[in-house]
Amino acid sequence: MNPLAESIGVTHYLIVGAVMFVTGAVCMATKRNALGVLMGIELVLNGANINFVAFGSEYLRPGAVGTGLDGQLIALFVIVLAAAEAAVALAITLNFYNNHATVDVDQADELKG
Amino acid sequence: MAEYLQSFLAPEWKWLAYLAAALIHCMLLNVVVAGGALIFIWLERKIAGRIQDRLGPTRVGGRFGWLQTLADGVKLIAKEDLMPAGADGLLFKIAPYVSFCASFCAYFALPFSDNWVAVRLNVAVFFIIAVLGLEVFGVILAGYASASKWSLFGAMREAAQVVSYEVPLGMCTVVPVVIAGTMDLVTIGQMQQGWFTNWFLLHDPFTFIIFWVYFTCATASVNRAPFDLAEAESELVAGFHTEYSGLRWSIFFMAEYGSMFAVSGLAAILFFGGWNGPLPLTQWLGMADSQNSLVIYLVNLLGLLNFLFKATFGVIFMMWVRWTLPRLRIDQVMTTCLKYCTPIAAAMFLGTTLWCYAFPAGWLLAPSQPLGEVREGWLTQPAAVDLKGPPEGAPTSRSVAEKNWDRHLATTVSAETRGTSLGASPIFQRPARSVATKEARP
Amino acid sequence: MIHWHSFFFLLFGLTACVFALAVVFTNNVVRMAFYLVLSLGATSGLFFLAGADFVGAMQLMIYVGGTLVLLVFGVMLTAQSPFISMKTRAGEWIASMVAGGLLLWVLLTAAFNVEEWRAVSAVPLTQQTTPGEGTEPGVETPVTAARLGLGLLGARVDRLEVVDAPEGAQSQVVAGLSGYLLPFEIVSVHLLVVLVGAAYLARPKKRMTTGPHGDTE
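Protein chains in written order, with the numbering used here: chain R, 555 to 667; chain V, 896 to 1337; chain X, 9 to 225.
Hints were generated in silico from the structure; no laboratory data involved. Built from N, CA and C at the ideal position, the CB exists for glycine as well. One or more of the hints may lead you astray.
Only pairs whose alpha carbons sit at most 25 angstroms apart, straight line, appear in this in silico SDA-like list of lysine to any residue [to be verified]:
{"hint": "1", "chain 1": "X", "residue 1": "K95", "chain 2": "V", "residue 2": "G981"}
{"hint": "2", "chain 1": "V", "residue 1": "K1044", "chain 2": "V", "residue 2": "E975"}
{"hint": "3", "chain 1": "V", "residue 1": "K988", "chain 2": "X", "residue 2": "C25"}
Okay, the calculated bits of chain X under chain R, using three or more residues with CB under 8 angstroms as the criterion [stated by the list, open to error]:
{"hint": "4", "segment": "19 to 33"}
{"hint": "5", "segment": "38 to 47"}
{"hint": "6", "segment": "52 to 61"}
{"hint": "7", "segment": "66 to 72"}
{"hint": "8", "segment": "96 to 108"}
{"hint": "9", "segment": "114 to 126"}
{"hint": "10", "segment": "188 to 195"}
Model the full assembly from the supplied sequences, consistent with the hints where possible.
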């Protein structure tokens, strides 16, 4: 019961954010499927969002300067921009699929010297 | 409720109170969703029968066949649990539950009477619309996991329909939010008390039209006829739930009826006054302003019955439309969304905003409570505030500033523009009865 | 004694992390998308726990309900054969694990080294957050999403400046640290550009299919 009784601070959120960020980075680095890379990008942005919301939360940092507005609004903008970028990335992936009949990023080597 | 239960427990067991409160809320909502599904399936068959000039179920459970759904449930449980050979096992099994969870979670923020809500969220409208849009995942997973090309296409089409209709649905729900000034459904309901003329439906003609657009989009968003391509395809080709039999199929349909009831309930609160009746009965009976907790409970119970009646009527209306209108093709569905619903919703939103700006105190009839005025804790124009930031440990300056602001408001800003001038727009006044309603929670 | 805030934080946090790891280690694309849905849904729960109601609901609606549906559509449209799996070579796995491990170590060290971030005494919502509290006893003034909307319109309600207001003047626009109006406008135009661009990029074109001779049709 002990871990369930301690109060949650910013550190806990930062840990979750770090794990998600690193997971997303590893996903971007290892996946061969272009959509897998896209999912990695989403994970990275979410890890960053968790950090923003944690620093901007009045629960976790009561009385600190800058809580309540900045973190949440920046997280909002990040979500919107991530959605926009996912749309464009997906359009590019579809184009690639239409031209090469595969989404394997290892096959995207026509510009290789 | 948790504080009430806590008073019975010893200090080190206080956490049990929250668990008990949460479980009670979940059980009550389950009764609404599951019991509602039971009743609505029977009601649908009766209404379908009557519209088609026949009787509907009449044998099981007496003359009206009201136990028919129970018999259907027993039959479904007894069916063989099939799974296609090439199906993705985990996704196939989990898809109905994803749909059901999305549909059930919408009830967390839906108030059934004055402050009778599981979680009183400040962003309740947004939350409900967001969560109802997650139902599409269950559909997509079901279509994919069935390992059948036709169910995949049916699922994709239905997902495209639901996702497209979220846009006008969102715009339609924003219109009552503009009128009310808050997304909190409890406050929106409280603002519509009194006569039926206080209902947002009758606030201005734009909101009246937007209710019909909302209803169309809501019907499309829960995949009811005439937008039920997914279900219809199973007659022609194959829908997303073709490979589902027995209890898994019934979970999908519990999700569908749950969503229907949720969007009808949302319409009831946003447009039809929620738990406030067409007539101010409780005021006539003298029960409205009582402090006696039993009387408050009875008033809220009456409101609950009122709300359930309105939401059920919305569901009946959807069933009526289903058995009257022919089904739309997918291109007609998309045309309706993009060429009709979205522009009309946008135009009506603009109209309502201009109306609220032009007639903040109402046009023909003044509303019983000032609309668009909800009290916030902060100010926009304090008298003396340090540039560095909010003064830590010096709340008195805020109170002086607040008194200054009140004086400023009283002397300079006229009553009509109090809620609407842009610089002062966030100055809201929550009516003092918010304190009284806190005790009204059971 | 269970502190429910901690319990739900652990629940959502573990769900988010475990399913994020599952995204990396699974090979089936549709399962990756499903695990990502669960992970982002748990992240939304974390946002609600941190008091960011609006951001949490927005995460559900836009990220989970929009972006991931888009992703799943993409997965379905680019499916080459029913359960295609493209495996990564072992060398790449080792390299990315090492790099990822180093990055994780750096981030965790930074997270644990600041003492003020470790814990906070549990103080309920209405006492902590509203700066205007204490002025009117008896009226609870919970935090709402209205200040986010005002921030987007340019009026920040937490950093206010003294503005000389002559007596009897109409209400003035409050100057302060400016809000987020400019980013709001930029993001709106950006979304328009993205909409047009993505629609143009994804327009139907002749699709190449590899026949037995590998030529285009």
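Evaluated hints:
1. K95(X) - G981(V): With Cα atoms ~21 angstroms apart, K95(X) and G981(V) stay inside 25 angstroms; holds.
2. K1044(V) - E975(V): holds (23 angstroms)
3. K988(V) - C25(X): holds (23 angstroms)
4. 19 to 33: Answer holds; 7 residues pass the 8 angstroms Cβ test.
5. 38 to 47: With 4 residues in contact (Cβ-Cβ under 8 angstroms with chain R), the coverage given for the segment 38 to 47 of chain X holds.
6. 52 to 61: Our answer is that it holds, as 6 residues pass the Cβ test (under 8 angstroms) against chain R, meeting three.
7. 66 to 72: This one holds; 4 residues, not fewer than the three required, reach chain R with a Cβ under 8 angstroms.
8. 96 to 108: holds (count 8)
9. 114 to 126: Holds, because 9 residues of the segment 114 to 126 of chain X bring their Cβ atoms closer than 8 angstroms to Cβ atoms of chain R.
10. 188 to 195: Result for this restraint: holds, n = 3.
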